[in-house]
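Chemist: Starting from the known structure of chain S, fit chain G onto it as the hints suggest.
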Amino acid sequence: MNELTTQLEVRMPAPGVSVIEISGEVTRESDGALADAYQRASDEARTIILAFDKLEYMNSSGIGLLVTLLVRAQRSRQSILACGLTEHYRQIFELTRLDEVISIYETEDAALTAVA
Amino acid sequence: MSTQPENRDAGAWAQPVHRLTVSEGHINVSGRRPTAPMHGFGRMWQKTYRTSLAGTNLSPSEVITVWKEHFPEFWPAGNRFFAPLAGIAPGEVAALDLSMPGGLKLSTGVLVLYADEESFTLMTPEGHMFAGWITFSAFAEDGATWAQAQVLMRASDPLYELGMTFGGHRQEDAHWSHTLKALAEHLGASGEVSAETVCVDRKRQWSRVGNVWHNAGMRSALHMAGAPGRALKNAFRRHEV
Numbered sequence: 000m001n002e003l004t005t006q007l008e009v010r011m012p013a014p015g016v017s018v019i020e021i022s023g024e025v026t027r028e029s030d031g032a033l034a035d036a037y038q039r040a041s042d043e044a045r046t047i048i049l050a051f052d053k054l055e056y057m058n059s060s061g062i063g064l065l066v067t068l069l070v071r072a073q074r075s076r077q078s079i080l081a082c083g084l085t086e087h088y089r090q091i092f093e094l095t096r097l098d099e100v101i102s103i104y105e106t107e108d109a110a111l112t113a114v115a
Numbered sequence: 000m001s002t003q004p005e006n007r008d009a010g011a012w013a014q015p016v017h018r019l020t021v022s023e024g025h026i027n028v029s030g031r032r033p034t035a036p037m038h039g040f041g042r043m044w045q046k047t048y049r050t051s052l053a054g055t056n057l058s059p060s061e062v063i064t065v066w067k068e069h070f071p072e073f074w075p076a077g078n079r080f081f082a083p084l085a086g087i088a089p090g091e092v093a094a095l096d097l098s099m100p101g102g103l104k105l106s107t108g109v110l111v112l113y114a115d116e117e118s119f120t121l122m123t124p125e126g127h128m129f130a131g132w133i134t135f136s137a138f139a140e141d142g143a144t145w146a147q148a149q150v151l152m153r154a155s156d157p158l159y160e161l162g163m164t165f166g167g168h169r170q171e172d173a174h175w176s177h178t179l180k181a182l183a184e185h186l187g188a189s190g191e192v193s194a195e196t197v198c199v200d201r202k203r204q205w206s207r208v209g210n211v212w213h214n215a216g217m218r219s220a221l222h223m224a225g226a227p228g229r230a231l232k233n234a235f236r237r238h239e240v
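Residue numbers (numbering that gives the first Met the number 0), protein chains in the order written: chain S, 0 to 115; chain G, 0 to 240.
Chain S with its partners taken away, still in its complex shape (with noise of 0.2 Å):
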């Protein structure tokens, strides 16, 4: 198996909504950079978007993470939405049904002015 990697950019684009650019993997191992990346954008953030654009693969623990921090977020009062989903992945919140709990966005710009 390939060398696991997850880079994580979090940037506040507008006052109370946080963006986390999720870029390669996101798996088991992506726990604790995923779960450092959430308190960054936690900051005065009432809205965090997750950005898929650059994401090349995720397993089902990496699905599982993704329900975690929703659970956290929501015992924090914040909204999650999601931005830049392939149709495969698109496929795979369907699948999971995280397309019930999450808003997803095409892009970024659709997402901010959602949340305007």
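Warning: the hint list may mix true and false statements.
[To be verified] Partial list, derived from the structure: chain G residues whose beta carbon lies under 8 Å from chain S:
id, residue
1, Asp-8
2, Ala-9
3, Gly-77
4, Met-99
5, Asp-115
6, Ser-118
7, Thr-134
8, Ser-193
9, Thr-196
10, Cys-198
11, Asp-200
[Stated by the list, open to error] Facing chain S, a subset of chain G residues (Cβ under 7 Å, in silico):
id, residue
12, Arg-7
13, Gly-10
14, Leu-19
15, Met-37
16, Ala-76
17, Tyr-113
These are computed hints drawn from the structure, not numbers from a lab.
It should be emphasised that the depicted structure is a prediction, and the values quoted were computed from it without experimental measurement.
Just so it is clear, CB atoms sit at the ideal spot from N, CA and C, and this is done for glycine as well.
Modeler: The following block gives chain G in isolation, referenced to the frame of chain S:
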């Protein structure tokens, strides 16, 4: 929408499925929707069971190959996993008969949500004891290969939540510890199993109380109770023909 080349994980995921189907003779599976942890009622738990396979010199992919092929054999006695004909492959559906206290047999099933060389994940349908998934994986760590079962779940409805609180969690712990121990012993390892339980969300989702309608335990009990009546009806039919 983003345009990207086909992902490496493309063949490992099941295709989206709205309702499950399984061969005749199994109840509480066909027509049911698969459920994620968000769709359950009870507290959300993440339970991780693992065992070291030190000394076996098997790679994670070799372990998963054996685990997939012999999956039902490692289960505790009294529980049955009716493996799909195609084996544990993405999108396949398996029926289960689980042994419950009081001699009750709980019939339900699972969808193979994900399967690759080093892991596979089973997702539960409506009516199952819990809403969520179980990921079975193998990985190399600290110079050894490890086998792991990780459950991310909420009890599906208030009855199951009650059952989980009063013995269900203990039964589940015993089930997966037995499974890992049996796998390890099959592979020639000692089979010491460690368990870690984390409560991800203490809140119960009262909006999901209605899940009780699909409760496979109640439906299995009704099905068992109706067996003599069905047998009698079939006998009359045969007599009429």
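Chemist: Which of the listed hints are not met by the structure?
Modeler: The structure breaks hints 3, 4, 8, 9, 10, 13, 14 and 16; every other hint is satisfied.
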